[in-house]
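Chemist: From first to last, the protein sequence lines stand for chains R and G. Using the numbering used here, the final residue of the first sequence is 271, and nothing's skipped along the way. Using the numbering used here, the final residue of the second sequence is 340, and nothing's skipped along the way.
These are calculated hints, taken from the structure and not from any lab test. Note that CB positions come from ideal geometry on N, CA and C, so glycine has one too. Misleading hints may appear alongside valid ones.
[Unchecked claim] Per label pair, the in silico range of CB-to-CB distance: (1) G:V49 with R:R108: 43 to 53 Å; (2) R:V66 with G:W331: 24 to 34 Å; (3) G:V166 with R:R7: 37 to 47 Å; (4) G:L217 with R:N2: 49 to 59 Å; (5) R:S184 with G:I165: 45 to 55 Å; (6) R:G139 with G:V166: 53 to 63 Å.
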Amino acid sequence: MNNLSIRFSRLEAGYGIPVFSEGAVQPGKLTALIGPNGSGKTTLLRTFAGLLPYKGSLTFETTGEVREVSRIPRREMGLLVGMVPQQVQMAAPFTVYDAVALGRLPHRSRGDDRLVLEAAADADVEHLLFRRVTRLSTGEAQRVLLAAVLAQDPSLLLLDEPTSAQDPHQTAKVFSLLKRVAGSGKTVVAAVHDVNLAVVYADVFLALKKSLEGEMKDDVKGEMKDVKESGFPLASPVERLDGEVLERIYGVPFDPYVSPKGAKVWHTRVN
Amino acid sequence: MTAVTEKPSLADYKTALRGRRLQFAALLFCALTVIAFWRLSRGDWPIPVSRVFALLSPFLSGPERMTPEAIVVRSVRLPRLLAAVGTGGVLSVAGVVLQGLLLNPLAEPYTLGIAAGAAFGGALGFMVHSLWVTPSAFAGALAALWAVQGMAWRSSRGHLVLTGIVVNAFLSAGVTFLKAIADDRLGAIVLWLMGSFAGASPTAALWVWGAAAVSALPPWFWGRELDAVSLGEDRGSLLGVDERRLRGGLLCLVSLGTAAAVGSFGIIGFVGLVVPHLLRPLIGPLHRPLLFFAFWTGGCLTALADGAAQSLGELPVGVVTSLIGGPFFCWILLRQDGGL
């Protein structure tokens with residue numbers, strides 16, 4: 001199943017805070033979820049995955065059918081959504097093969113070894129297949145979880161900083177893979193800290209504003225108004241992600257750097 | 001890092017795994033057979049194994065069933081053996097399920113207060129009539145579980161075990177209180193709490209095996225879901241498992257099994273803790289094979305402990321399992337740096 005789009009409005013995720021006023025995520029594209037620390041990237045991803053209670057509206061739309069996420073049974077969510085969480089340590093000493101094969105659990109089918117091996121190869125963990133997941137490095141464990149989500153083959157893939165523990169080579173491989181997966185009609189949302197990953201690999205970006213939590217006590221209404229007017233969450237094609245937008249998101253000036261081949265990346269201003 | 005030159009294929013791995021499991025199953029079957037014949041033929045009145053065979057035949061004629069020899073084997077030793085194997089199996093399965101569901105290597109019926117609840121309920125039942133022991137043990141186990149769950153509902157899993165320890169301490173004090181006011185029933189309560197399979201009736205054995213079926217088969221059926229949940233960090237939910245329902249249902253069944261065991265034969269500690277830890281390094285953490293082997297390994301070890309208890313002059317079997325299980329568990333922990 002493909003072509004799942006997400007729509008949300010006045011979404012109060014988790015236990016009240018933060019508020020995501022309005023937004024949508026389109027299928028077939030790699031969406032980079034960016035924003036400063038504490039802006040609610042993880043909260044938003046976990047809410048998309050149906051792991052948190054929420055107020056407001058959050059819907060999945062597939063081929064004309066609109067469904068409120070809180071009404072979708074857990075079992076069906078397993079077929080619709082897959083997620084690589086930030087915390088990648090696994091509590092039980094499964095082999096990598098077993099951990100990746102668990103991704104097939106929602107499908108209740110047998111003999112999926114071909115899919116499992118393909119997923120392991122795509123995430124570059126094939127050579128670790130019979131190692132215990134508790135004995136892997138953080139980066140390896142992260143890729144095992146990615147492989148499990150690939151084996152799960154959901155319509156919507158959520159990734160919370162999927163390359164936080166990857167070296168530059170693996171980072172490039174993972175994001176090329178995600179771009180390919182998105183190209184095949186999946187909906188892919190990846191939270192990233194490195195804005196240049198968004199610039200280079202993503203199709204669109206969804207930017208969140210700094211947390212309201214701190215200011216909440218002082219001036220709730222003023223701050224809420226401010227968020228509304230500022231247009232966050234901000235969703236645009238990634239080409240629009242320039243120094244001006246980045247400064248609005250992160251509150252520091254950014255300068256462009258141009259590669260010998262003409263590609264532009266961004267870095268906070270260096271004196 | 002060691003350089004891996006040749007990559008084992010998945011087929012090789014699966015064949016090797018199947019082979020290892022079959023070997024282990026065969027070994028377990030042999031051990032169970034030997035233990036069974038040891039327990040059935042040895043005792044105050046040694047009966048040769050060949051005779052035991054004949055006496056166990058279901059086609060035994062009516063008058064022959066009434067010989068003292070037949071009664072000893074069929075109505076005394078066989079129920080005792082079955083009770084020990086069933087109880088060991090129930091407690092080990094409970095340990096596997098609790099450790100998997102609660103992501104805590106120290107979880108077992110005792111750390112969660114389930115056994116203490118059963119003991120308190122059972123002791124309370126003793127004050128009324130010995131017939132009330134098992135039902136009120138079950139009520140006690142469920143009440144303890146309900147209290148622990150209720151208190152820890154909104155907090156993390158770590159709290160669940162902490163709450164279990166508090167409830168455990170509270171209920172143990174309750175048992176001591178009951179003992180203090182028990183007067184003439186004190187002896188019976190103390191004997192029962194120490195745990196013993198001596199004098200296990202065929203009904204009690206049957207009851208424990210019924211509880212074994214009820215508390216071991218559903219976890220096996222939901223083995224894959226248990227696998228996902230045991231990885232932690234909402235892996236179960238993300239793979240479409242309703243974690244709350246699975247947890248609630250399986251915890252209930254496991255406390256039923258524990259209550260049946262504790263209610264009939266008293267407190268038999270450490271089996272549920274040691275067996276899963278003993279098996280995980282040998283056959284891995286996948287729950288389906290783990291549950292199967294835990295049941296039979298727990299059964300074998302408990303029957304062995306019961307035999308040892310009997311040959312040492314009818315010691316309480318709970319004392320034997322704790323005396324052997326405690327140090328053994330320390331050894332496992334030290335050897336595996338952390339137990340997992």
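Chemist: What are the numbers of the hints the structure violates, in ascending order?
Modeler: 2, 4, 6
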